[in-house]
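S.K.: Given next are the chains, with one letter for each unit.
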Amino acid sequence: MSLINQKCSCCGGENPEKVQVDAILAKYEGKKGSLIPILQEVQSLYNYLPKDVLEYVASKTGVPISEIYGVVTFYSLFHLNPRGRNIIRVCQGTACHVRGGKLILQALEKELGIKAGHTTEDLRYTLETVACIGACGLAPVMQINDDTHGRLTPDKLPAILKRYQ
Amino acid sequence: MQHIRAHVLVCGGTGCKSAGSKEIQLGFAKYLEEYGLQNEVMLVETGCHGFCEHGPLVIVYPEGTFYCHVKPEDVKEIVESHLYKGRIVERLLYREPLSHEQVPNYSEIGFYKKQQRLVLANCGAINPEMIEEYIAVGGYEALAKAVTTMTPEEVVDEVKKSGLRGRGGGGFPTGMKWQFAKNSVSDKKYVICNADEGDPGAFMDRSVLEGDPHRVLEGMAICGYAIGADEGYIYVRAEYPLAIKRLRTAIEQAEKMGLLGENIFGSGFNFTLHIKEGAGAFVCGEETALMASIEGKRGMPRPRPPFPAVSGLWGKPTNINNVETFANVAQIIVNGADWYCQYGTERSKGTKVFALTGKINNTGLAEVPMGITMREIIYDIGGGITNGKKFKAVQIGGPSGGCLPESMLDLPVDYDSLIAAGAMMGSGGLVVMDEDTCMVDVAKFFLNFTQSESCGKCTPCREGTKRMLEILTRITEGQGREGDIELLENLAKNIKETALCGLGQTAPNPVLSTLKYFRDEYEAHIKEKRCPAGVCEKLASYTITDACRGCGLCARNCPVQAISGKIKEKHVINQDICIKCGACMAACPFKAITKG
Ligand SMILES: Cc1cc2nc3c(=O)[nH]c(=O)nc-3n(C[C@H](O)[C@H](O)[C@H](O)COP(=O)(O)O)c2cc1C
Ligand code: SF4
Ligand code: SF4
Ligand code: FES
Ligand code: FES
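These protein sequence lines map, in sequence, to chains Z and D.
So in the working numbering, spot 23 of the first sequence is number 23, and the numbers just go up one at a time.
Take the position in the second sequence, starting the count at 1, then add 1000; the result is the number in the working numbering.
Since the hints were made in silico from the structure, they are not lab data.
Incorrect hints may have been included.
Stated by the list, open to error - Capping the alpha-carbon separation at 30 Å, the derived lysine-lysine pairs in DSS-like fashion look like this:
| no. | chain 1 | residue 1 | chain 2 | residue 2 |
| --- | --- | --- | --- | --- |
| 1 | D | K1516 | Z | K27 |
| 2 | D | K1390 | Z | K156 |
| 3 | Z | K102 | D | K1161 |
| 4 | D | K1516 | Z | K102 |
| 5 | D | K1245 | Z | K31 |
| 6 | D | K1529 | D | K1516 |
| 7 | D | K1316 | Z | K102 |
| 8 | Z | K110 | D | K1595 |
| 9 | Z | K110 | D | K1580 |
| 10 | D | K1114 | Z | K102 |
| 11 | D | K1114 | D | K1161 |
| 12 | D | K1389 | Z | K156 |
| 13 | Z | K32 | D | K1256 |
| 14 | Z | K110 | D | K1591 |
| 15 | D | K1316 | D | K1457 |
| 16 | D | K1256 | Z | K156 |
| 17 | Z | K156 | D | K1580 |
| 18 | D | K1076 | Z | K156 |
| 19 | D | K1527 | D | K1538 |
| 20 | D | K1389 | D | K1591 |
Working from the sequences, and respecting the hints, build out all of it.
M.R.: If you want it as structure tokens, here you go:
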């Protein structure tokens, strides 16, 4: 819970995150079809979409909260739960599938001790699957944050993971 | 004026970047300076050359020397030996996968020789972040010609005459689509570029956007002029951050030069462009869902008609085309429809870019004239199957397409032949499969994909694909029943006929085409509880062959003590205990354990 309406703990003024959310809302004010870009920017601020922030966005934009939830749950890039500092997205697309993408996923699940779709307890990694990141020539592939790692084999994984704190 | 005597092209596409091309570029900058060559050798960062598998790539002109798998520590040698002393660094040259011959020159490489690179002509040849380089190779000439010398009607007619068909999957004639949008009367119209590229295993749109973004902008602006639209959207997947960045740069530069914006070329034609990022839903590639998504709603398809040309984005007439479709437009306007018609077949004109992936030696992007055979693509361009294995099938058209067997390899690749064979062009993903691939598993893979991407709006797709997936799952787990094949065929037929959008209507295709060409594999799973390719874990059985030397390593690695035998004697696996984990096979130093 992000407590967007709570005052800043040090100065008692506006919550600094709220200021940023307001700035995002101001940027899109009056623009048609801007719900998805607003949510994308808010998510990059918090790393996920906290419930009270969504309620705040609803109250400010006048879009009913039910519609916002509808949109958030429809698209796989939106998340309602906190996520890890490093997002691992293992490709399970066709090209990766025929080149052993499943083995990479299994090895990552074993290495991290979590299943796909989950976050490690220390919030260091979130493991997700994705259907093709367009780097099929390097299959099997995974993306960690914005970096693409290709031509993977299970034994290469520990060294790659280590680089992401 | 300085004399530039050589160009060093470093690939900056996604594939090569992930393999470390940034460091190589920095290395060149440093060593060119160190050897005092910075004024005579020009360093250029390009987009994808389509040969990412061999990246990072470096090409040195004027010779056209093609270096592959370049490492940062190789850069100094290239600068010193090739650029300073004029001696090619042979160990970094490309080798043909079948003949193992070294090929020094870009244009002589088998992968490129049979290609006809029209749409990809600039990809890998120019710096995609500099509009000047696009203009230098004739960029924006087509737009100038269209808006200053042609009427909108003439533009539409030229595109019609060229025979260009949509590259986004359906193959609808582009000129006709433009005509519909042009005919709609409205104070406002839109042009949309579909860059959602959701088909797993396809990345041609990504490479065009990253390697030659202006070509797409130019095509869109010409379309805007033709149909009477002054605003456009490019809907790009958020999974393509580099493409988004290059598009933003391209739009900014074009606006600055007055090639987008108000009163373009003084013709009174206005055209502005926006980028919309997708949010991870395959169905948003469907045109009506895509427009709902731009409007900020859940991306669900709606029934057509009305077609977008009549009522599209925000209820206004809209023309939507795929990236590669737009990328074809400028050359048609500049060179004319007759020129374009020399490529391709009677009913499929021009070229198509294919993404070659899977168990093939040369994975990458290949642009070929329509009508070439699958065999030429896979063997001449693709360099054949990896590790000398046997070809089994090629999957074309992604989740909506089908798998074609060896006997169909001489089929000409065009829209109509593919449909007749039970596949489809789709976006142009070609996934090659070898003898180690299980076709039932492949069908299950695609159904799993479409099932999880079904938006859930209509029942045949939402429930029908779930039932089909359940049946396929039980077949691959050894629980297949007599009659399952007929049940699958029945469900497939119903879903195809009743689903609302293309996702559902085509979802059964991978199952139907594998049933058509690989029915015996389904039967082996159902009747004999056997996976001939040894892929389906639950059906696999591990056995120890006579190559066993009795070292005992397998027994020590087995987590459930299923292996017994005396040291120096052949070991055996107790099939009742074995959990089919494969640990023994990995542990055996003599390759004495087989799976099947
Ligand atoms: C489920 C589904 C996904 C689609 N995905 C894409 C896509 O990723 N890119 C694309 O250009 N067209 C896609 N299409 C096709 C579009 O609906 C539309 O036909 C196409 O953008 C039209 O452009 P074209 O005439 O230039 O091919 C998809 C269709 C369906 C039914
Ligand atoms: S066919 Fe599938 S994806 Fe298309 S509208 Fe129906 S449920 Fe949605
Ligand atoms: S496959 Fe696994 S369980 Fe079976 S014998 Fe080999 S090591 Fe043991
Ligand atoms: S299938 Fe994995 S990157 Fe395309
Ligand atoms: S990214 Fe370099 S060749 Fe594709």
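S.K.: Kindly indicate which numbered hints from before are broken by the structure, ordering the numbers from low to high.
M.R.: Numbers 1, 3, 7, 10 and 16, in rising order.
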